[in-house]
Structures are given as structure tokens and as C-alpha cells.
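**Student:** Please arrange chain X on chain H, whose structure you already have, making use of the hints.
Protein sequences appear in the order of chains H and X.
Sequential numbering from 21 applies to the first sequence in the numbering used here.
Sequential numbering from 21 applies to the second sequence in the numbering used here.
Among the clues, some could well be false.
Which copy is meant is left open, so a pair is good if it fits within one copy or across any two.
Below, simulated SDA-like cross-link-like pairs (lysine to any residue); rule was C-alpha separation at most 20 Å, straight line [as the list claims (entries may be wrong)]:
1) 64 to 46
2) 64 to 48
3) 64 to 99
4) 64 to 29
5) 64 to 74
6) 64 to 101
7) 64 to 89
Just so you know, these hints were derived from the structure itself, not from any lab.
2 protein chains.
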Amino acid sequence: ADAPARPARLGLCAACHGETGMAQVPGAPNLAGQRLDYLREALKQYRDGRRAAPLMRAAIGPVGDADLDALARWYSAQTPQAPRP
Amino acid sequence: ADAPARPARLGLCAACHGETGMAQVPGAPNLAGQRLDYLREALKQYRDGRRAAPLMRAAIGPVGDADLDALARWYSAQTPQAPRP
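The following block holds chain H by itself, in its conformation from the complex (with noise of 0.2 Å):
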């Protein structure tokens, strides 16, 4: 499949995630490579509140769901990067 295009609202993600998916900050998942239904469903979770994640949930809260969509596949379609030393 064609990589998908950067997403514009990625820097609100990749300030802990990544921009690539690999975590930035402890407590951060990776997200490279993920699987997009997986992505998907964490992301209604955390909308919703089936997972209490307050960062998250504001996080996410103004996102539109095209631009969430769009943010799911771009990290699905990551390659995981080897840790850095």
C-alpha cells in the first residue's frame, strides 16, 4: 500500500509518540508499525473515556474523526525503529 500522507495535525501527536511512532516520553506507547484497527478502537477508547486517560482524552477531544483516521494510518504504516542506545 502507498504511504499515506503526513497528517496535518501529526505535531500534536508526535510530541510524545513520534513523529515515526517511536515514543518520545516514558510513559509513552510506540505506535510504529501498530495495527490500524487497533489504532482506531484506542482511539474512540480514550474519547470516550473506556479508557481513562485524561492526557489523551484532551488530546483528542477537538480532533475531528477524518483527522483522526488520517493519524491512525499514517502511524499504522511506520516501520518500528531499533530503540536508540
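**Tutor:** Same frame as chain H, now just chain X:
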């Protein structure tokens, strides 16, 4: 770091997440190479209901803390594989 020993309870997780952390079924996330702190926290959240996921809560409810830690270490130490075509 040395690779962790294969956890005694790995089979429980592997049915959905694979022995090396590549998901086997729709809806399950890849775990290979995921950050250890994130895996530990996610397991706690499943157990105490902050993540409302009945399957995961049922699966890990009977598993002791030491076994959960061994499982988190195992999956974090795996190298992500390319998706199967």
C-alpha cells in the same frame, strides 16, 4: 540487555498477541518492542478497570504480579517483524 527467559504463562497471551508479540487476531495489538513502562501500566489499567476491556481483565485477573512482569519484559524485548503479506 540479555533476552528474558520465556515466561511460564506466555501461552495465555500468545493466543492473541503471538509468541513474539505480533498480533494473531483482529483487534489485538502488536506488543513486540513496546516500551516496558507502557506495557506494565497497561496491564495495571486492565486489571483495575481503567481500561474497560473484559477479555483482558479476565485473562490477567488470575495471573500474579511476578508473572505479569515477566510477560511485559518478554514482549518488550522482542523485535517487531514485518507484517505478513
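**Student:** Please sort residue 64 with residue 46 into within, between, both or neither, judging by C-alpha distance up to 20 Å.
**Tutor:** Result: close only across copies, 16 Å inter versus 23 Å intra.
**Student:** Check residue 64 against residue 99 for me: Cα-Cα at most 20 Å, and say if that holds within a copy, between copies, both or neither.
**Tutor:** Intra 23 Å, inter 28 Å, cutoff 20 Å: neither.
**Student:** Is it within, between, both or neither when you check residue 64 against residue 48 at 20 Å Cα-Cα?
**Tutor:** Cα proximity of residue 64 and residue 48: in one copy and across copies (17 Å, 15 Å).
**Student:** Is it within, between, both or neither when you check residue 64 against residue 89 at 20 Å Cα-Cα?
**Tutor:** Within. Shortest intra-copy distance 10 Å satisfies the 20 Å Cα cut-off; inter-copy 28 Å does not.
**Student:** Under a CA distance limit of 20 Å, which applies to residue 64 and residue 101: within one copy, between copies, both, or neither?
**Tutor:** Classified as neither; 26 Å inside a copy, 26 Å across copies.
**Student:** Are the CA atoms of residue 64 and residue 74 at most 20 Å apart within a copy, between copies, both, or neither?
**Tutor:** Classified as both: same-chain Cα gap 14 Å, cross-chain 16 Å, threshold 20 Å.
**Student:** When no copy is named, should residue 64 and residue 29 be tagged within, between, both, or neither for a Cα gap of at most 20 Å?
**Tutor:** Classified as within; 17 Å inside a copy, 30 Å across copies.
Checked against the numbered hints given earlier, the structure breaks hints 3, 6 and satisfies all the rest.
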